[in-house]
Amino acid sequence: MDTSTTITHDEHRDDEASKLGMWLFIFTELLLFAGLFIVYGVYRYENQEAFHSAGKELSVPIGTINTVILLISSATIAMASSAIRFKNKKLTIRLLVVTLLMALIFMVNKYFEWTGKIEHGYLPGTDTLMNMEQGKVLFYGLYFFMTGLHALHIIVGVILITIVVIRVNKNTLSDENPVLLDNAGLYWHLVDLIWIFLFPLFYLIA
Amino acid sequence: MENHTDAHIVPYKMYLYILGGLIMLTLISVAVTEIEFGEFSVLVALVLASIKATLVLIYFMHLKFDNKILQIMVPAIFILVALVIIIVFLDYNYR
Chain A
1 MDTSTTITHD
11 EHRDDEASKL
21 GMWLFIFTEL
31 LLFAGLFIVY
41 GVYRYENQEA
51 FHSAGKELSV
61 PIGTINTVIL
71 LISSATIAMA
81 SSAIRFKNKK
91 LTIRLLVVTL
101 LMALIFMVNK
111 YFEWTGKIEH
121 GYLPGTDTLM
131 NMEQGKVLFY
141 GLYFFMTGLH
151 ALHIIVGVIL
161 ITIVVIRVNK
171 NTLSDENPVL
181 LDNAGLYWHL
191 VDLIWIFLFP
201 LFYLIA
Chain B
1 MENHTDAHIV
11 PYKMYLYILG
21 GLIMLTLISV
31 AVTEIEFGEF
41 SVLVALVLAS
51 IKATLVLIYF
61 MHLKFDNKIL
71 QIMVPAIFIL
81 VALVIIIVFL
91 DYNYR
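So the protein sequences, as listed, match chains A and B. According to this note's numbering, numbering within the first sequence proceeds without interruption in unit steps and concludes at 206. According to this note's numbering, numbering within the second sequence proceeds without interruption in unit steps and concludes at 95.
Treat the hints with caution; some may be incorrect.
Said to hold, decoys possible - EDC-like, lysine to aspartate or glutamate: derived pairs with alpha carbons at most 20 Å apart:
(1) A:110 <-> A:57
(2) B:68 <-> A:15
(3) A:117 <-> A:127
(4) A:89 <-> A:176
(5) A:56 <-> B:34
(6) B:64 <-> A:57
(7) A:19 <-> B:66
(8) B:64 <-> A:127
Unchecked claim - Calculated Cβ distances over 10 Å to all of chain B for the following chain A residues:
(9) 72
(10) 107
(11) 113
(12) 126
(13) 129
(14) 196
Keep in mind that the hints were calculated from the coordinates and are not lab data. We put the beta carbon where it would ideally sit given N, CA and C, even for glycine.
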C-alpha cells in the first residue's frame with residue numbers, strides 16, 4: 001500500500017481490483033455451470049441405464065486427448081504470465097500462440113466429435129433422437145448444450161488471447177501492465193476447470 | 001505495487017511439474033474408470049477431478065501467490081457452490 005505513493009505516472013489503474021473483478025465474473029460463470037451440473041445429476045439419477053449406454057458411445061480417447069490439450073494450453077498461458085514479467089516478449093508471444101493452437105486443435109476435435117454424433121442422429125430436436133428413449137434424449141440434450149456452452153467459452157477465450165497477443169506485439173502490454181494477460185489467463189483456466197469436470201461426467205462414467 | 005508483483009514471478013519449471021501432475025491424474029482417472037467400481041466410480045472420478053481443479057486453482061490461477069482476500073474468498077465461493085450442489089442432491093434423494 002505504501003508503495004502506491006511512489007507511482008507518479010498519469011495513468012490510474014488498480015491491478016488488484018482488475019483481478020478481483022475477473023474473479024467475480026468467474027464466480028458468475030461457476031454458478032451458470034453449477035446449475036447445469038445439478039440438472040445433469042438429477043437426470044442421470046433418474047435415467048441411470050440410458051446415461052450409461054449413451055455415455056459409452058462417446059469416444060474416451062478423443063475426450064482424453066482434448067483434456068490433455070486443454071491442460072497444456074493452460075500451462076502455456078500461465079507460463080506466458082511469467083515470461084512477460086521476465087521481459088521476454090518473444091517467449092510470451094510464442095507461449096500465447098501455442099495456447100491458441102491448442103484451442104484450435106481442441107475445436108477441430110470437437111467438430112469431428114459433434115459431426116459424428118449428428119450423423120448418428122443425436123442432434124437435439126431431430127426426429128431420430130426424439131424417437132429414442134427419454135434418457136438418451138436428455139443425455140444428448142445435455143451433452144450438446146454443456147459442451148456447446150463450453151466451446152463458446154473457448155471461442156471467447158481465443159478472441160481474448162488474440163487481443164493480448166496483438167497488444168504484446170505492439171508493446172502496449174508489457175511487464176509494466178501485465179494484468180490483461182493475467183486476466184485472460186484466469187479466464188482460460190476457468191475454461192480448463194469446467195472441462196475437468198465435464199470430461200469425467202460425460203466420457204468416463206459409462 | 002510493481003515491486004509486489006515482481007517478487008512473485010513463478011518459474012516456468014513449476015508450471016511444467018504441475019502440468020505433468022495434471023496429465024498423470026487424467027490418465028489415472030481414465031484407467032480407474034476402466035475398472036468396475038460400481039457405485040463408487042462416480043465418486044472416484046469426481047474426487048480426482050476435484051484434485052485436478054484444486055491444482056489448477058492454486059498454481060495456474062496463482063492463488064498461492066495472491067493476496068489474502070482472494071485466498072479466502074475463492075475457496076469460500078467454491079465450497080459454497082459445492083455445498084449448494086450437495087444439499088440439492090440430499091434434498092432430492094430423501095424427498
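Status of the hints after comparison with the structure:
1. A:110 <-> A:57: holds, 15 Å
2. B:68 <-> A:15: Cα-Cα ~15 Å, so holds.
3. A:117 <-> A:127: Distance ~14 Å between residue 117 (chain A) and residue 127 (chain A) Cα, so the pair holds.
4. A:89 <-> A:176: Given pair residue 89 (chain A), residue 176 (chain A) holds - Cα atoms ~12 Å apart, limit 20 Å.
5. A:56 <-> B:34: Satisfied, since the Cα-Cα distance of roughly 12 Å is no more than 20 Å.
6. B:64 <-> A:57: The given pair, whose Cα atoms are some 39 Å apart, is violated under the 20 Å limit.
7. A:19 <-> B:66: holds, 10 Å
8. B:64 <-> A:127: Cα-Cα ~51 Å, so violated.
9. 72: violated, 7 Å
10. 107: Holds, since 19 Å exceeds 10 Å.
11. 113: Given that every Cβ of chain B is farther than 10 Å from that of residue 113 (chain A), nearest at about 17 Å, it holds.
12. 126: Nearest chain B Cβ is 29 Å from residue 126 (chain A), so the label holds.
13. 129: holds, 25 Å
14. 196: Not fine: 5 Å to the nearest Cβ puts residue 196 (chain A) too close to chain B.
Violation of the numbered hints given earlier is confined to hints 6, 8, 9, 14; the remaining hints are satisfied by the structure.
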